[in-house]
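J.: Residue-level listing of the chains:
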Amino acid sequence: MSAKEHDEHGEPQHSPLEHDDRGQLITARPQRSEDERPWPEEVPGEDNYAAAYAPDAPDAGSTRAATPEHGFWRTMAELDGTAKLQTERGNNEFPAAPEVSDPMSRRNFFQLMSASMALAGVGACRRYEKEEIVPLARRPEDQVPGTTRQYATAFELGGAGHAMLATSYEGRPIKLDGNSDHEFASSVTNGRRHAGAHTFSQAAILNLYDPDRSQGVINAKKGASIEDFRALLPALRGKLGAARVLSEATSSPTIAALRAWLLATYPGLAWHEYEPLSWDNERLGTKLAFGRAVRPLAKLDVCETIVTIDCDIFVEHPAAMRYSRDFAASRRVNGSLNFDASGHGKINRLWSVESTLSHTGAMADHRLGLRSEHGLPFAMALGAALGVGAPPNSEIRNEKKVQQFVAVLAEELAANKGRAVVIAGRRQPPEVHALVAQINQAIDAPGKTLEYLEYNEGSPELERVSHVAAIQSLARDMAGGKVGTLIILGGNPVYDAPADVEFAAALAKVGTSIHLSEHQNETSQAATWHLPRAHFLEAWGDARTWDGAAVLAQPLIAPLYGGLSSIELLGMLLGREAIERQLGKDVVARLVGDQAGELTGEQLVRATHKPPTDAAWRRNVHDGYVPNTRFGAAAVAPGNVPMPPLTPTQATGSTIANGKLEVVFHYSSFAYDGRYANNAWLQETPDFLSKVTWDNYAIVGPETAEALNVRNDSRITVKIGTRDVTLACYTMPGQARGSIALVLGGGRKAAGRVGNGVGVDTYRLRTAAGFDIAQAASVSATGEGYTLASVQEHWDIRTGIIPGVNTEGLQKRLPELVHMTTNQELNEDPTWKAAEGPALYWDDQNVDTGGPKRHLSLFREKEYKGHRWGMAIDLSTCTGCNACMVACQSENNVPVVGRKEVMNNREMHWIRIDRYFSGPPSDPIVVHQPVPCQQCENAPCEQVCPVGATVHSDEGLNDMTYNRCIGTRYCANNCPYKVRRFNFLDWNKEWREARNKVRRLLFNPEVTVRMRGVMEKCTFCVQRIQNAKIHARAQARSQHQGTVDEPLPDGTVRTACQEACPTEAIVFGDLSDPNSQVARLHADRRSYDLLPELYTRPRNKFLARVRNPNPKMEQGPAKQPSAGAAQGGHR
Amino acid sequence: MSTEAVASTNEPGKAREAFRAVTRDVAWVAEAPKPHKAWVVALGIAVTALAIGLYSIYVLVTTGIGVWGNSNTVGWAWDITNFVWWIGIGHAGTLISAVLYLTRQTWRVSINRAAEAMTIFAVMCAGLFPLLHTGRPWFAWWMLPHPNDMQMWPQFRSPLMWDVFAVSTYLTTSVLFWYMGLVPDLGTFRDRCVARGQKLRAIIYGLLALGWRGSARNWHRYERAYLILAGLATPLVFSVHSVVSFDFATSQLPGWHTTIFPPYFVAGAIFSGFAMVLTLMLPLRHLFNLKHIVKEAHIEAMCKIMLATGMMVGLAYGTELFIAWYSGNLYEKFAFANRAFGPFWWSYFAMVSCNVLVPQMFWIQKVRRNPILVFVLCIFLNIGMWFERFVIIATSLARSFMPAQWSYFNPTRYDVGLFVGTLGLFFTLFLLFFRYVPVIAISEVKGAMPEAHAGKGGKEHH
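Taken in order, these protein sequences are the chains called G and P.
In terms of our numbering, the first sequence opens at residue 801 and continues consecutively.
In terms of our numbering, the second sequence opens at residue 61 and continues consecutively.
For reference, chain G alone in the conformation it holds in the complex (with noise of 0.2 Å):
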């Protein structure tokens, strides 16, 4: 048998596809694509899909009840009702569904979708061949089994690309980060390239094991084959002439070059993109200055200055991961360029204006609440301050609060010329980026602070309407008949289109409409045909970063149900005869060789960016991306742009009546636009804000709540026009007087069993005039409660007989949790120290006879010979943005437990955010501080463990042994941190069930799935330290027969959060390394150890928040957090 046989028949049974994917994957382009792959149709039962969705498979139940049971949580009534629901929880993986569910929409979406595909007989599942366990004689090349590898892949969210690395082990990709070779997607920190990533993309690879994807060819209502689609096609081709192509937003150039094939072959055919989150305004806005379109883009990183009018620049644009680096960068107050010697220097100041608080109004100094609709005439105020056009007709201009901001904040731009920048949100009209652009002009932007980068010639952004306008032009269309052949790439405009175009009604009318779509949702089922997508991690995939650079996708794992890409669809479309017409006979055959038939993804692909030679593309795939693809710099200066006039409401000042609110729409953290509702990670990563898990919600800013005497977990109902939406309100601290926030991502009926029935179908008060700020809004209160589950506010702190008592015992010791200070104090007194540090600890009765200092402890103190491992975390930098919690629970297998289990406080999270208001409600301070397990050198929850199942490590770790742990939960009881999490029930039972079980492939096999019963927690991901460490051993002993253990130079082992952080502010390391950047951080004035007089020495060392705000600016918070709305101040 030769070792070819071997490879093609050794497999271990469990890996079908690893090694001649990978193999090829990781240095060269496969040459044979994956359809050619013989999938057998046929699977032994026990694994087949098909029989765990019959219609008599248990439901996993999915759906919360629809109304609820339980009003307020301040009732003892609600005692009652919560006791009710506990008594019922255990059996379900996401108990957020009790069995009450409606019985039309899920389970019998599921008995069609299961007796449909068990009709089409396409049920088989296409994860393993069957074959012959033989083992391998041999050892493919390049193949150690047991160890993970990285391949670069591009993700893509709303056009915006992101440069990831896969991490994959044994043919399954099991973690996505960002890619730290990726010039945009990576920076330079500490002599090393640093990537981070955000909370979608890294939880987009929990979508490629979802088994609510869509699995089969759907026609009609029918299960239907793929190549029943094919046998279509030359019919299709005679109608594209007249077809129209619907695709969501995309960067992707293979995607604009088959665009523009198709356009070429078809002249008929029109193209729409609709995006329901866009960044059009801001294109359309650089139109207006410009005349033509460009990108701007901002460097934080040499910013004094930065102002957002109603911009999240930290998760909500798509360069937020650049931003958040950036700005970073020039905040970071060690380490910084910004600081001498000394430790004096500056930072920068971030003012931000908006309506619904957010990561970065969270993060600034001076944060101004306005509604969004006065985003207007505040730039306008702004801009005639700085000697830009005319001030604003506008009463808000002579509030007292709103003109001494503009002044101060004029003053500082005037004065920090060249070195600040003013960034307008999606939210605000083109108008108001027109004159942002003109404002950035006067302080001398353009080439320092920021860059316009030029589209390349021929892109569709130069030239494209508007997202609102492309669909509502096509629903028109649509809907007067106009439209026989509709394919729509991606996207669920039947749920997320504007409310007004009645996309539903109108693809009623479509004679052939085509959907690609990862699941069967809203709009696959309104569709006549549905065409299951493939993943990015199973397809060939280019995508454009914000500033252009072109990145690379390239499949890790061969479809698990036989998806198709967006470019395969439109190759199969065009058909290659177009193909070769638009790209010459000659190209397409040195591309494809001698293989017949349609071209392949990776062939399209390779024909976009025409690698110059094979070895080119090969490194371009390794990399991830093709270099010297950037936008080009593009040298424009805006021209004179007149301002429309002033809407009623936006002459007005702060103060607004019920009936002429402002709605504004607002991304959820957990669903971003609903594309995400069936992630379950995401549904539990909690808001970093609301700290709200598995719903949506409206937000209501604490004087507008008074006024319409609404609270928290109200329901309400909000009223524009004759349309009204009825939603839990969550009365957010400094939301703007008079603006309404609704999230959107909530009431998907088609989502997959996590995400159906979770939170309010919010865009159907969503309109294309209202598309980003609806306006005249009213809203009543219901009079019904609604028990939103947050992961903090687990009780409403006010009650008791003396309500205050709560509240003051945190006011008290807020200061003491989260350190803050000022750039001013920082730099006036160079005595200031966050805290005594070890002085606390330390008797210093024996400094005067001369003798040793020795700690003041009943213990004798462990040395530690070897490495100490130790963290520290900036709050200063840290954005709150969850990457870390999510990085954490991909890497550590963390479950999750679904919303009533959040509900009873039984999240799981390994590193939690805490986040606390100080200050007015109006006008808050957020304090936040994730707290992952502080690894204490004394830890308390090491001594009262009966067994000694947490233990010391001879490195400093307080190790989890879950095999000895019997679950008394006095550990967790006696952290003072709160950081351990107990599995009260068993969260990997679904796993378990046949249909589920395609999602074990996710699991990070270095890392214990651990059993009901036994207590978890940070363990500063302890598998990669020993990884690092045997991989060091094992290269000293090739080298010189080495045995000891080998010194790990910094950075060699990071841990998950710290590689997931986009602004580094987790930093890991060896403290026993006086040099690393752990141990330089420990020393830092800043530094502080969360409850020193406890003894308890953690491991981990916070530094103090710094603030940086404008003296002249009157109200200048304190530089402690102090009394005022604190946790829950708004309850």
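Careful, some of the hints might be misleading.
Listed next, with one range per pair, are the computed distances between beta-carbon atoms [stated by the list, open to error]: (1) P/Trp406 <-> G/Arg1800: 42 to 50 Å; (2) P/Val107 <-> G/Thr1761: 37 to 45 Å; (3) G/Arg1792 <-> P/Ile432: 52 to 60 Å; (4) P/Trp198 <-> G/Pro1603: 38 to 46 Å; (5) G/Asp1423 <-> P/Arg217: 51 to 59 Å; (6) P/Thr108 <-> G/Ile1602: 38 to 46 Å; (7) G/Val1751 <-> P/Trp385: 32 to 40 Å; (8) P/Trp88 <-> G/Thr1761: 54 to 62 Å; (9) P/Trp406 <-> G/Glu1302: 48 to 56 Å; (10) P/Trp385 <-> G/Ala1207: 46 to 54 Å; (11) G/Arg1800 <-> P/Trp198: 23 to 31 Å; (12) P/Ala111 <-> G/Val1809: 32 to 40 Å.
Worth flagging that the hints you see were computed from the coordinates, not collected in a lab.
Quick reminder that beta carbons are idealized off the backbone N, C-alpha and C, glycines included.
Let chain G serve as the given structure and place chain P on it in line with the hints.
T.: Here is chain P on its own, set in the frame of chain G:
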């Protein structure tokens, strides 16, 4: 030779009749051909409660601790509350048997048997909770030091480990002590069964009586052993609850981390133990016509002890509050302010009113001599002591150092079910004990009777 015979040789006539009356009055409870109706009804209720408990345990073990209301913040709630409460109840038995024996309080003889039985059953109920509150109860035996391949050993620094030893020692000693005291009476039962021709019963009681013959040597050995066991058990009365209190006192948690816990817990335990003894004995005394043995004076003495220990507990509450304020410690101060005025205020006030205010009634002699009133007040004391443990455990955990993790506790039906189940177990065992085992220490009562001291200038001193 039976005890009866021994007595009769000493003082024939009147005294002999009095001794016989005691034996008869106690033994008829077990010898009545049909149990009392109230007994049957009570057993029915108790067995039902026990069944509820067994079902709760089944659900708990098969599903997980998640069926309770405990959370990541409130790691212990009803489970450990119930454990400490039951252990506290288990205190009176040994105190009455051992401490009062050593201090020659002869009034104890009318209640010590029942109190000891109560102790054993209460400790059995208590023992269920540390076992069942673990996430993986099938591995709870890892807490016992046992030889094993992996040389894994328990972690002796953990107060939970100390609990294991303290409670198991206490249970062993209590069982031995109780059984030791039973032997002469079992001999009596055996003899009476023989006399009545009940062979099977005679064999069972005979085996249990361990060949008791009532000889002088038997009595001599018995008295010696009883004294030694009393001596051994006495320190345990104080050590067990001290060790249980270490679970809290040695931790970091404000509200738990308190040095006064050991005496405070012991006082509370005696307090609740006596309350439970009275809760049990008062109805039984009435139903089974034992009023001439369990006299009002005995009840009064116990009321006085409860008054004393109740005030000790009250003093502890006051001390805690004072020290919290006096310490100036932010977290400590808050823990107690929150305890009294925060969201769990109702449990704090239930505790204070039941444990401090209610016992003040015992200053009044009329109250002490009114069995019905005493019974009602004792129920309040039992409730109050349960709340004391709940207040300490749940309120401290729910509001500890990190405000972001503050929470609340709501019990579920399984929390309640298991508690009801242990009540069922307790009463089932107690009722069975009452029906089949001499419920009053016959021989000791006789020893304390004036007739036993006739001619020696003895007078009634019970």
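J.: Take the hints in turn and mark each one as holding or not.
T.: To see whether the hints hold, each was checked on the structure:
1. P/Trp406 <-> G/Arg1800: 42 to 50 Å: 46 Å, holds
2. P/Val107 <-> G/Thr1761: 37 to 45 Å: Given about 41 Å between the Cβ atoms, the range holds.
3. G/Arg1792 <-> P/Ile432: 52 to 60 Å: Cβ of G/Arg1792 to Cβ of P/Ile432: about 58 Å, so the range 52 to 60 Å holds.
4. P/Trp198 <-> G/Pro1603: 38 to 46 Å: Taking Cβ atoms as reference, P/Trp198 and G/Pro1603 lie about 44 Å apart, which means the hint holds.
5. G/Asp1423 <-> P/Arg217: 51 to 59 Å: 53 Å, holds
6. P/Thr108 <-> G/Ile1602: 38 to 46 Å: About 42 Å separates the Cβ atoms of P/Thr108 and G/Ile1602, which means 38 to 46 Å holds.
7. G/Val1751 <-> P/Trp385: 32 to 40 Å: With Cβ atoms ~38 Å apart, the hint holds.
8. P/Trp88 <-> G/Thr1761: 54 to 62 Å: For G/Thr1761 against P/Trp88, whose Cβ atoms are near 59 Å apart, the range 54 to 62 Å holds.
9. P/Trp406 <-> G/Glu1302: 48 to 56 Å: 55 Å, holds
10. P/Trp385 <-> G/Ala1207: 46 to 54 Å: 49 Å, holds
11. G/Arg1800 <-> P/Trp198: 23 to 31 Å: 25 Å, holds
12. P/Ala111 <-> G/Val1809: 32 to 40 Å: 36 Å, holds
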